[in-house]
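Number of protein chains: 2
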Amino acid sequence: MKSDIDHLMKDANLDSLLVIGPAGHNPYMTYFTGLVHVTRGYLLKKRDHSPVLFHRSMERDEAASTDLQIKNLDDYDPIKLLEEAGGDQIQADAMLLQRIFKEFDVRGRVGLYGKTEIGPHYATLHLVGETLPDVELVGEASSRSVLTRARTTKDEDEIARIRKMGEITSTVVADVAGFLTSHQVKDGVLVDRQGEVLTVGEVKRRINLWLAMRGAENPEGTIFAIGRDAGVPHSAGTDDDLVPIGKPIVFDIYPCEAGGGYFHDFTRTWCLGYAPDEVQEVYEDVLDVFETVYKALKPNTPCRDYQVMTCEMFEEKGHPTVLNNPKTKEGYVHSLAHGVGLAVHEGPYFSHVESNKDQLLPGSVITHEPGLYYPDRELGVRIEDTVWVHPDGTLEILAEYPKDLVLKM
Amino acid sequence: MKSDIDHLMKDANLDSLLVIGPAGHNPYMTYFTGLVHVTRGYLLKKRDHSPVLFHRSMERDEAASTDLQIKNLDDYDPIKLLEEAGGDQIQADAMLLQRIFKEFDVRGRVGLYGKTEIGPHYATLHLVGETLPDVELVGEASSRSVLTRARTTKDEDEIARIRKMGEITSTVVADVAGFLTSHQVKDGVLVDRQGEVLTVGEVKRRINLWLAMRGAENPEGTIFAIGRDAGVPHSAGTDDDLVPIGKPIVFDIYPCEAGGGYFHDFTRTWCLGYAPDEVQEVYEDVLDVFETVYKALKPNTPCRDYQVMTCEMFEEKGHPTVLNNPKTKEGYVHSLAHGVGLAVHEGPYFSHVESNKDQLLPGSVITHEPGLYYPDRELGVRIEDTVWVHPDGTLEILAEYPKDLVLKM
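Those sequence lines, one after another, are chains A and B. All letters in the first sequence, in the order written, are residues 1 to 409 by the working numbering. All letters in the second sequence, in the order written, are residues 1 to 409 by the working numbering.
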């Protein structure tokens, strides 16, 4: 959590962190600023010093509302810098950063963070790196970076916010179940009282509406994938598809707080009306793995162990997995879990590769999401909850929801 | 527009473009892919060749739905690459890009694009640049880049989508006006029939709801700024604020298509019940400048000329501006306009600096948004429409809406 940043910086031998970009939909910046309307800026954090937010004049009140130390970028006279740079914006931006680094005595290894435009920032940072010999600009792999590791464990306020998003998510999931089952069936697909067919696009529009009503936002969209689409993990579903009975629907929903805050991540697989035997069998395999591996999760153990365990269980049940065939497109084809926070996918990571050293730490929030996929059989099943590892090491599913495969019509 | 990319690449002496990141909320990638659920990938476009989208296995169906040439990243065996790199993800990603560059014979100047994580990509690209001597990685300034310039002019499909967003936006603006004026006034602020006070936070929740109902998304939030907040252009307003009569409210709304598509940008300034003389006078100055400069806009002329014209008009009326004092926080403190498309702020740009060579081209979509700001007088006024410059050079406001300052209660 935030209080770990200084010692994580020491471990990584970083002297400063430079975070670039807006405060919204940019987890690295939002982590420091909270949800404020700062659309462009820098945040500089030296080790063992408080962070400083550099903002534009137009956003001075928003910057001031953060309780961070703030500094107005207009104090560096960006228009004069641009003139001095002969109208070259990249050069002018590099000069601005050089002045900031000089004024704040930034030297040594500077970690780079932020979700922002790669092109101009690559060029600017390249120039800064070339012209400041006592500064080394460091881009760490996402999975291992200081801020990823800090964000991997959450404080109470963060848990409360993710929990709130979990409540909203499961309320909307229940709304969707109620909406689907309020329909009638005609020629094997759902129709409303007027006999109008229901489409996946209409279901998704309702989801966005019901999320917005409850103060949530859905920037990454929703997976509502039927039949063959369900058999491809990230297939979002096809808007024009009708909604059939007796076919598996993978419904994966991952909204965040409005403005780009904390996420929740949740999946159920439903069959409307009835489940064919083939789907039922695959579902039971997934559910068994879900429950067995969940019970096995213990704090302060390697995350990769649970991915291996999941693969081995699925293999015993006769399914191909990424462990014995990394390129398989059938069976179990993804990781068991990932962290959830200001990004829907963040640390800890659960890849089975040997280089993955992530531990399941107390304070982390992770998904738990085994699944099986057989696109050629028009079949996919995933079950996912979001789980908090309490500081005392016990586990809690943040938003409980029934795991029925069949929704009765 | 898209058909200009090859000759713009030639002008900029770029041999290839490399776009990095997801398809959603990443205008550079969305420009090629459309709104599909591709969360991670590369797009490579060599000059005079069709673009190729590199995707993960899990997202193969989504990638295939784009009509782009596609290539599965798993074909490069990323797990083996990671092993070869000794578990160093940055090294493995660099090796992956090196293989792609070799296979597709990428040489010369490669322009970098994409809104994505700066840290790991900076490190990866730095490594690629160091190890491939016949490749030069180029990050252009956003305002001048090939894709910014291509995106500056829109084709018919893009115009239709922005127009649709304009219709949605003005419908929601009318909803907000109706919602506000349906309230009663008690002690100078709005209350509902039960006497409950209305807050800015509640107004914003309704806006998100009404946008979602109509298939739009609001990733950047809404400005609903009252009094002193209205006097600071990017102050988004304060959620706990009550809604008073007789004070200026700057209401700036800039939603996009759900999933991260085309934006519309629109502002009105309202006084509920009545407008104090001081606000009325400032409003009339802004409206006069709005109308006069709008009539002056001509295609194929420098954008900066209109910013200078706007400053000079405001100065004649006795207001400070960024032309005579770049650091002013009072008077006219921002640019007249900007392009609108897959980003809410894109080219052409209207800064008055001499290095700004942007032209107002036929086919572009721009805002038109003069404003005046006096935070110490608790006063701000901005009027903004989104304007299409037709291919024949005539102008059209894409969503007309009344410009009354006072909303009668």
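Some hints could be false.
Said to hold, decoys possible - No farther apart than 30 Å at their CA atoms in a straight line, the calculated lysine-lysine pairs in the DSS-like style are these:
| id | chain 1 | residue 1 | chain 2 | residue 2 |
| --- | --- | --- | --- | --- |
| 1 | B | 80 | A | 329 |
| 2 | B | 327 | A | 102 |
| 3 | A | 80 | B | 329 |
| 4 | A | 327 | B | 164 |
| 5 | B | 403 | A | 357 |
| 6 | A | 2 | A | 357 |
| 7 | A | 46 | A | 80 |
| 8 | A | 10 | A | 298 |
| 9 | B | 10 | B | 80 |
| 10 | A | 80 | B | 357 |
| 11 | A | 317 | A | 327 |
| 12 | B | 403 | B | 317 |
| 13 | B | 80 | A | 71 |
| 14 | A | 327 | B | 102 |
| 15 | B | 403 | A | 71 |
| 16 | A | 329 | B | 71 |
| 17 | A | 164 | A | 71 |
| 18 | A | 80 | B | 327 |
| 19 | A | 408 | A | 164 |
| 20 | B | 164 | B | 403 |
Stated by the list, open to error - Stretch-level coverage of chain A by chain B, calculated; a stretch enters the list once three of its residues show a Cβ under 8 Å from a Cβ in chain B:
| id | region |
| --- | --- |
| 21 | 258 to 266 |
| 22 | 328 to 338 |
What the hints contain is simulated information worked out from the structure, not anything from laboratory work. By construction, the Cβ of each residue, glycine as well, lies at the ideal position given by its N, Cα and C atoms.
| Restraint check for residue 403/B with residue 317/B, where alpha carbons must lie at most 30 Å apart | OK: residue 403/B and residue 317/B at ~21 Å, within 30 Å.
| said: Please verify whether residue 403/B and residue 357/A have alpha carbons no more than 30 Å apart. | reply: Roughly 60 Å separates the two Cα atoms, so the pair is violated.
| request: Closer than 8 Å, Cβ to Cβ, for at least three residues: run that test on the region 328 to 338 of chain A against chain B and report holds or violated. | output: Answer holds; 3 residues pass the 8 Å Cβ test.
| Straight-line alpha-carbon gap residue 80/A to residue 329/B, limit 30 Å | 17 Å, holds
| message | Hint check: residue 408/A vs residue 164/A, CA-CA at most 30 Å. Holds or violated? | response | 28 Å, holds
| query | Hey, residue 327/A versus residue 164/B, does the alpha-carbon distance stay inside 30 Å? | reply | 42 Å, violated
| request: Below or equal to 30 Å on CA atoms is what counts here, so check residue 46/A against residue 80/A. | output: 28 Å, holds
| For the pair supplied as a hint, residue 2/A and residue 357/A, is the alpha-carbon distance within the 30 Å limit? | 21 Å, holds
| request: For the pair supplied as a hint, residue 80/A and residue 327/B, confirm whether the alpha-carbon distance does not exceed 30 Å. | output: Holds, because 11 Å separates the two Cα atoms, which is no more than 30 Å.
| field | Holds or violated: residue 327/B to residue 102/A, with C-alpha atoms at most 30 Å apart | value | 22 Å, holds
| query | Is the hinted pair residue 80/B and residue 329/A satisfied, with a Cα-Cα distance of at most 30 Å? | reply | Satisfied, since the Cα-Cα distance of roughly 17 Å is no more than 30 Å.
| Quick one, are residue 164/A and residue 71/A close enough, alpha carbons at most 30 Å? | 33 Å, violated
The structure is inconsistent with the numbered hints 4, 5, 9, 13, 15, 17, although it conforms to all the rest.
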